[in-house]
Each structure stands twice: as C-alpha cells, then as structure tokens.
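Those protein sequences? They're chains F and E, same order as listed.
The opening residue of the first sequence carries number 33 in my numbering; numbering runs sequentially from there.
The opening residue of the second sequence carries number 33 in my numbering; numbering runs sequentially from there.
These are computed hints drawn from the structure, not numbers from a lab.
Misleading hints may appear alongside valid ones.
Given that identical chains are not distinguished, each listed pair holds provided it fits within a single copy or across any two copies.
[As the list claims (entries may be wrong)] In silico SDA-like pairs for lysine to any residue, Cα to Cα no more than 25 Å straight-line: (1) Lys38 x Lys170; (2) Lys285 x Arg337; (3) Lys107 x His121; (4) Lys221 x Asp342; (5) Lys409 x Asp321; (6) Lys195 x Gly166; (7) Lys107 x Pro53; (8) Lys170 x Val92; (9) Lys83 x Ser96; (10) Lys245 x Leu338; (11) Lys107 x Val52; (12) Lys50 x Ala94; (13) Lys322 x Ala94; (14) Lys195 x Asn42; (15) Lys195 x Ser144; (16) Lys226 x Pro34; (17) Lys285 x Pro34; (18) Lys59 x Gly166; (19) Lys424 x Met33; (20) Lys38 x Ser98; (21) Lys63 x Ala94; (22) Lys245 x Lys322; (23) Lys61 x Ser80; (24) Lys114 x Leu76; (25) Lys38 x Gly166.
Predicted model only: the values in this text are computed from it and were never measured.
Listed below are the residues making up each chain.
There are 2 protein chains.
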Amino acid sequence: MPNVSKRGENIAASPIRKLVPFADEAKRKGKHIYHLNIGQPDILTPPSAIKAVQEADMQVLAYSHSAGFESYRRKLVGYYEKFGVTIDHNDLIITTGASEAILFGMMSCLDSGDEVIVPEPFYANYNGFSTAGGIVVKPITARIENDFALPPIADFEKCITSKTKAILICNPSNPTGYLYSKEELLALKEIALKHNLFLFADEVYREFCYDGKEYTSILTIDGLEDHVVVFDSISKRFSACGARIGMIVSKNKSVISTAMKFAQARLSPPTLAQILGEATLDVPQSYLDKSITEYNERRELLIARLQEMDHVVCPKPTGAFYAFAKLPIDNADRFCRWLLEEFEYNGASVMLAPGTGFYYSKGLGQQEVRMAYVLNKNDLNKAMDCLQEALKVYPGRTVDAIKQSLNS
Amino acid sequence: MPNVSKRGENIAASPIRKLVPFADEAKRKGKHIYHLNIGQPDILTPPSAIKAVQEADMQVLAYSHSAGFESYRRKLVGYYEKFGVTIDHNDLIITTGASEAILFGMMSCLDSGDEVIVPEPFYANYNGFSTAGGIVVKPITARIENDFALPPIADFEKCITSKTKAILICNPSNPTGYLYSKEELLALKEIALKHNLFLFADEVYREFCYDGKEYTSILTIDGLEDHVVVFDSISKRFSACGARIGMIVSKNKSVISTAMKFAQARLSPPTLAQILGEATLDVPQSYLDKSITEYNERRELLIARLQEMDHVVCPKPTGAFYAFAKLPIDNADRFCRWLLEEFEYNGASVMLAPGTGFYYSKGLGQQEVRMAYVLNKNDLNKAMDCLQEALKVYPGRTVDAIKQSLNS
Numbered sequence: 033m034p035n036v037s038k039r040g041e042n043i044a045a046s047p048i049r050k051l052v053p054f055a056d057e058a059k060r061k062g063k064h065i066y067h068l069n070i071g072q073p074d075i076l077t078p079p080s081a082i083k084a085v086q087e088a089d090m091q092v093l094a095y096s097h098s099a100g101f102e103s104y105r106r107k108l109v110g111y112y113e114k115f116g117v118t119i120d121h122n123d124l125i126i127t128t129g130a131s132e133a134i135l136f137g138m139m140s141c142l143d144s145g146d147e148v149i150v151p152e153p154f155y156a157n158y159n160g161f162s163t164a165g166g167i168v169v170k171p172i173t174a175r176i177e178n179d180f181a182l183p184p185i186a187d188f189e190k191c192i193t194s195k196t197k198a199i200l201i202c203n204p205s206n207p208t209g210y211l212y213s214k215e216e217l218l219a220l221k222e223i224a225l226k227h228n229l230f231l232f233a234d235e236v237y238r239e240f241c242y243d244g245k246e247y248t249s250i251l252t253i254d255g256l257e258d259h260v261v262v263f264d265s266i267s268k269r270f271s272a273c274g275a276r277i278g279m280i281v282s283k284n285k286s287v288i289s290t291a292m293k294f295a296q297a298r299l300s301p302p303t304l305a306q307i308l309g310e311a312t313l314d315v316p317q318s319y320l321d322k323s324i325t326e327y328n329e330r331r332e333l334l335i336a337r338l339q340e341m342d343h344v345v346c347p348k349p350t351g352a353f354y355a356f357a358k359l360p361i362d363n364a365d366r367f368c369r370w371l372l373e374e375f376e377y378n379g380a381s382v383m384l385a386p387g388t389g390f391y392y393s394k395g396l397g398q399q400e401v402r403m404a405y406v407l408n409k410n411d412l413n414k415a416m417d418c419l420q421e422a423l424k425v426y427p428g429r430t431v432d433a434i435k436q437s438l439n440s
Numbered sequence: 033m034p035n036v037s038k039r040g041e042n043i044a045a046s047p048i049r050k051l052v053p054f055a056d057e058a059k060r061k062g063k064h065i066y067h068l069n070i071g072q073p074d075i076l077t078p079p080s081a082i083k084a085v086q087e088a089d090m091q092v093l094a095y096s097h098s099a100g101f102e103s104y105r106r107k108l109v110g111y112y113e114k115f116g117v118t119i120d121h122n123d124l125i126i127t128t129g130a131s132e133a134i135l136f137g138m139m140s141c142l143d144s145g146d147e148v149i150v151p152e153p154f155y156a157n158y159n160g161f162s163t164a165g166g167i168v169v170k171p172i173t174a175r176i177e178n179d180f181a182l183p184p185i186a187d188f189e190k191c192i193t194s195k196t197k198a199i200l201i202c203n204p205s206n207p208t209g210y211l212y213s214k215e216e217l218l219a220l221k222e223i224a225l226k227h228n229l230f231l232f233a234d235e236v237y238r239e240f241c242y243d244g245k246e247y248t249s250i251l252t253i254d255g256l257e258d259h260v261v262v263f264d265s266i267s268k269r270f271s272a273c274g275a276r277i278g279m280i281v282s283k284n285k286s287v288i289s290t291a292m293k294f295a296q297a298r299l300s301p302p303t304l305a306q307i308l309g310e311a312t313l314d315v316p317q318s319y320l321d322k323s324i325t326e327y328n329e330r331r332e333l334l335i336a337r338l339q340e341m342d343h344v345v346c347p348k349p350t351g352a353f354y355a356f357a358k359l360p361i362d363n364a365d366r367f368c369r370w371l372l373e374e375f376e377y378n379g380a381s382v383m384l385a386p387g388t389g390f391y392y393s394k395g396l397g398q399q400e401v402r403m404a405y406v407l408n409k410n411d412l413n414k415a416m417d418c419l420q421e422a423l424k425v426y427p428g429r430t431v432d433a434i435k436q437s438l439n440s
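Looking at chain F on its own, in the form it has when it is part of the complex (with noise of 0.2 Å):
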C-alpha cells in the first residue's frame, strides 16, 4: 500500500472539530450539548441575502469570473470605505471562505521552507494550510497575563531569520478576542518595514469590538501599501459560515496577480454564495447593531459567569466572540473530552475548544480552553451552569498547579 504523505501525517487535526465523533456519541445517547467550541452563530442569516438567492433567476449556474462577481467587487469597495480603507475593485479577489485567502496568501508569498511569525495562541487552522504549503510556523507566546496583547517587538526580532518572510495576526483575534491598538499594529509596521516582511491580517471579525475600543484595519496604515494583505469574510459579520465566501485583499498588485493564478486554477467561488455575498452589502447596519449587541450582552453574561467560578482565568475580551480562560484542569483535551464522555448536568454537557489546539509550542495551552459566545443567553447560562460543576467534579482537577503557574 503507498503511505500517504509527511505533511499529510503532520496536519494536526482541528482542535475545534476533532472531539466531533465523542459529541456524536453524547448525543446518540440523549445528552444534550451546548456546543461552545466552535464559532458557527446562532443568529439569523439576513433573511433579504437569503432571498436574493431565492429569488435569483437561474437557468445555468455557471462559474463565475474566477476573482468573483465584478458588481459583487465593486461594492465591496465601498464596504471597506466605511473603515477608512481604500481600494479599488482589482485590489481584492473572493474566495471560498478565508480559509482559501488564507491559502491563497501564503502560497503566493511564501515557499516551503520559509517562515511565518504568528502570535500564539492563533487560529488553530493556520496550520493546516502552513503544513500543506510546506511553510514554517514560528510563534510567539502571546501571554494570558497580558490579556493575550501583542508580544514584545524583541521578542519578534529575536525570532526573524534569512527565511523569515511574514508577520501573521488576526484582529480582533480568534481565539483570544484581544483587539489589536493602532499603536501595536505601528510597532508591526516598523518590523515589517525593517524586515522586509509581509503583513497579513485576518480580520473576519473587525465588526465585533466591545467597550468602545476603535478598530483599526492595518490596510488604513501609511506606507504598508506593499506589505499588507487581507484575508476577509462574511462568515461571521453575517451569521453565513455555511456560504464559504471570503475576499484576499492587497495593494500590492504582485500578490494580487499572483492570488489570481491560484484562483483560476480553482475556476471559480461559489455562484450560489456569492449572490447572498453580494446582497449582504444591502442588509441595513441595524442587523449588525443588533448583533453586536447582543454578543456584547453574552460576552458580559460569560465573563460575569466564569469570574464566579474557582481558580478560573479569563482576560474580558474586546472583540470577536471567543473567550480564552485558564481552568483548574490537569489536560484540557482530556477534560473536554471529559465532558462530553463522562460528565452530565441536568441532562447536559458542555463542548469546548482544548487550549494546546491553538499554541504551536508543544506543552503550552494544557489548562486552556477557547469558548465561543455564539448561543443564546440562556443556552449560555445552562453551559456555563455545566461548566461549573464539572469543574467541582472533573477527576483531573489541580487548583495547585494553576495557583503555581499564575506565581511563576
């Protein structure tokens, strides 16, 4: 039998969907979830983008220009304006998600063998695509002290060699929900520039930043012009993972022609996707007001809920909708699994996101799990009702060890 490849043996597998098959089973036998470990909202797709593809006249569904509708770009100009950036319609190609601008970006700027510098913990999927490119992770611990806020420049420089090629963040971030301020993404821009470095930012989450903090994308930063690309979304923002559109962005027209060549050897993105992409641009900026507000009201209820649970540690995030805390658990694979196999609360449980998913470093994240706010307040508060009693009760409980890392 011919054995499949390295990478292919090297891919981790997803730390938000690989305890799947043990939810699978809970479910089999009755026990209702509440799943937290992924960020799939439960809040309405707009029902006007939903009925543009219903009402949509399809005789042929036929591929579309492999950079995506052009009426389609060219409104999403005008999107990226209300954020201070400007583009023009050539600067940005749709994609099947961001996952394929993820992939996009780091096949068209970087080889096998050359390196991406990513704070950790990081979107635990960055790694599929760096290990099917054959690409280099280097992180760099981001610490749970800190709020998980950019690390210090040094510690940038110090990991930079001659294979050194980009700086990857996610802002505001998945997993952490730490939002980036201009003043970080200026010490980026020094690095970048010194270094001669990519910038890439994925910043699918940009509509969701909590206590006033402003947002700033990094295409609004002077001079980066030929730095930075973009991976984008509408998963997110409008409650749409399921459509798989997403956008590359970039100012430097050699990332984008060469994107491109990736692009068309995959034809096309998704018609059907792209004709809801399109009509999202027209949903009024109530449905994200509302939205926003209601994460935000989750995003207290969370907080408010884990504060009040022993030896747990989780910085208030500012923005996306993903928590980051620090449990008093031996193994957080084993206590997520844990909680789906083993544990039940008035005929429930709870999934997380184990913490090591999301950090490179081996041996990092073990008392961390990542929660996404993405269900009801109700449903929120039963999970977290779950959560708290299987703390009390979770076998492999080590409140010293977390007291001896928080003094270290």
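Fit chain E to the supplied structure of chain F, relying on the hints for placement.
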C-alpha cells in the same frame, strides 16, 4: 517590497482563462465571441435542483460537517453503485469542486519533491495544484496520431524514479475526449502495483461516452483498493459548474482520513451548493440521456465541420465534451489571441484554448487547440464558420509546417 513566492511565479496562468481580458475587450467593441475555450455548458441546470435550494428552510446558513452532509454522502453511495462501484459513505468527502478534491488528493499523498506521472496533454489546472504543493509533474506524451490513447507502459517504466508516488489520468479525458478502455486501466493497475503507486483518476465526465463505448471506473478494478483515489464533480453532468461541488473518493482509509484533516482546516464545503448537489441525485435519468444525446450531436457536427477544413487533424472524441485539434498555424497562443483581437466574421469570432497550456513538455501543442462543444448546434456552426474563415486569412498560417510534422 517583499517578493512573491517562487511557486507563485512558477504557476502558469490558466490556458482556459488567460485570454479572458482580450475576449472582454473584443466584447466591449461589440464583437460576439463564441466561447469554446471553457467547459461551461449551456445546458440548463436541473430546475428541480435549483428549486431545492430556493425552497430550503435556511434561517442560519451554517457550516456543514467537514466531509459534507451525511445525507448527501449516503445518497452518493447509490449513485456510484450504478457504475459498479461499491463504496461506503465514509469513503468519500464532499469538496469544493473537483478542484479541491485534486488539491486534497495531491496534498494527502505526495510531499514536496515527489513526482506524479501524467499523460499529456492534460487538464492544465493540475499544474496549479502540483505547483502549490511543490509536487513535480512528469509528463508522458500521448500522440494525436493514436487518438491520444494511453502511451505505452514502457514510457511509464522509463519515467519512474524513487520519487514517483502517483499516476494521474483523466477518464474520459479533458482535454482530448479520449475514453480509456478497461485494458488500458488494467495496464495501469499492473504498473501501480509493481511500483506501489497511487492511481489518481479524474472521472468528472463519466456520463459522457459515445459510440457505444463502455465506461470503466478505476474504482471497479479489483486489487487496486489501496491505490485508487478518484476526483469527481457535479459541475459537468448537471451543468452546475458554479455550484463548486465535488468529491474525493478512495477505499484507502489512510488517504481519506488524511484528506479529512485538510477538509477540517477549510471547515466545510459550501452549504447552499450541497443542497443543490443532494437534489441532483433525484434528477431523472432522462435529464442525463437528453444531455448526452445533445452533446453527441454537437460532437458529430463539430467533427464534420473540422473535417471539411483543410489541414485540420482532429481525432473523434469518444468521451467528455472536448476535441483536441491540430491546426495549420504557427503558434496556438498567437492564433487564439489574434482571433479575439484582429479577426471578425459576421460580427463575431471564436475563443479557443491554446494547446500549449495542456502540455507540460515545452514546445508541444504549438499547433493544437482545445475546443469545448458546450454551445448549441446553431452557435457551434457559427463558431466553426469563424474558425474556417480565420484559418484562410490568419497571417501565421503554416500549411507546410503541418505537413512536415505529420510526416515526422
């Protein structure tokens, strides 16, 4: 400015799409363009499948399972059974077009530097996916004189090195329209077993076979269970290219579980299009019968028209909906661009795909073009009028060169 990647530089622009700007310009000037360059059928997508999307209850357009809807995968088992293929619903993953199936297959089975043998001319986008993965394509030239049949096994033997991991065929073939016989598949079996190679088969055109020729899926060949990986798509059979729904199929559990990790990294295939895809399985056989009859008539028309043209050589295709012809021209790229920029007949011209883009070996295909017979017979006739007239006046017409090459 940081430089784009070498792999990005090396990836060739799609021969099917790279002339699009010239076609767009011609259209702006009022010229009608008959598109024979791309396999975008004009056949109606099954209205019942479109209706399924339009009537679906979609409140939240959510991610699906990374392998695609389980209901759809279970139904697909029955579809494959019709072709004598026995699989389980866990032997396949729904992908974003066959494009993603090819990407997953290559990434799961080959490492950077590994070699895949591909009979040329071949579907040009294989290049894009192999280049992305640092995979080396080793072409074996199929000859127009032999109707582009499988090259002699001795040619494969000569090509195999310690780096060879796979052979990739397209059956029936895009771009040549050649349908491999069972004997040819058995010859491939022998060499795959002898050298422990994967056998990749792109079978997206399996429904389109003519002249009573029998189609054999490589999945039905005994003893190859661990070697075969099939790439599939609904794009052509259901005229749903824009859906972007495909499948990767293999009985090799390691291949599917590895592909699944890549599938999880990109979260899920498009949800709207999966609804359409699942509904296509309820489309009556009469839909396909009608399409096949129509394509067969177009094929007869196209070949008859080409035979009338002086010094044009074109094997009669027995599958898919492409013909690969040798024309009395100096340079296919120049000719195809000239057709768009300089030529006009009755206010129209024809767009063809230059043959060069389908060969990996430099210098081949200079006098060849691929034609997709995806237009109705009236338009196809007019497109052939254009070609016939163009060949009379094209400045780079080289009858002598054709004669010479046929004699060589």
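Results of checking the hints against the structure:
{"no.": "1", "hint": "Lys38 x Lys170", "verdict": "both (19 Å within a copy, 21 Å between copies)"}
{"no.": "2", "hint": "Lys285 x Arg337", "verdict": "neither (48 Å within a copy, 43 Å between copies)"}
{"no.": "3", "hint": "Lys107 x His121", "verdict": "within (8 Å within a copy, 41 Å between copies)"}
{"no.": "4", "hint": "Lys221 x Asp342", "verdict": "neither (40 Å within a copy, 63 Å between copies)"}
{"no.": "5", "hint": "Lys409 x Asp321", "verdict": "within (17 Å within a copy, 53 Å between copies)"}
{"no.": "6", "hint": "Lys195 x Gly166", "verdict": "both (13 Å within a copy, 17 Å between copies)"}
{"no.": "7", "hint": "Lys107 x Pro53", "verdict": "between (41 Å within a copy, 21 Å between copies)"}
{"no.": "8", "hint": "Lys170 x Val92", "verdict": "neither (46 Å within a copy, 37 Å between copies)"}
{"no.": "9", "hint": "Lys83 x Ser96", "verdict": "both (20 Å within a copy, 20 Å between copies)"}
{"no.": "10", "hint": "Lys245 x Leu338", "verdict": "within (22 Å within a copy, 68 Å between copies)"}
{"no.": "11", "hint": "Lys107 x Val52", "verdict": "between (38 Å within a copy, 22 Å between copies)"}
{"no.": "12", "hint": "Lys50 x Ala94", "verdict": "between (35 Å within a copy, 18 Å between copies)"}
{"no.": "13", "hint": "Lys322 x Ala94", "verdict": "between (35 Å within a copy, 19 Å between copies)"}
{"no.": "14", "hint": "Lys195 x Asn42", "verdict": "both (21 Å within a copy, 19 Å between copies)"}
{"no.": "15", "hint": "Lys195 x Ser144", "verdict": "both (10 Å within a copy, 18 Å between copies)"}
{"no.": "16", "hint": "Lys226 x Pro34", "verdict": "between (46 Å within a copy, 11 Å between copies)"}
{"no.": "17", "hint": "Lys285 x Pro34", "verdict": "between (41 Å within a copy, 12 Å between copies)"}
{"no.": "18", "hint": "Lys59 x Gly166", "verdict": "neither (38 Å within a copy, 42 Å between copies)"}
{"no.": "19", "hint": "Lys424 x Met33", "verdict": "neither (49 Å within a copy, 55 Å between copies)"}
{"no.": "20", "hint": "Lys38 x Ser98", "verdict": "between (31 Å within a copy, 22 Å between copies)"}
{"no.": "21", "hint": "Lys63 x Ala94", "verdict": "between (43 Å within a copy, 22 Å between copies)"}
{"no.": "22", "hint": "Lys245 x Lys322", "verdict": "within (18 Å within a copy, 60 Å between copies)"}
{"no.": "23", "hint": "Lys61 x Ser80", "verdict": "neither (38 Å within a copy, 37 Å between copies)"}
{"no.": "24", "hint": "Lys114 x Leu76", "verdict": "within (23 Å within a copy, 40 Å between copies)"}
{"no.": "25", "hint": "Lys38 x Gly166", "verdict": "both (10 Å within a copy, 13 Å between copies)"}
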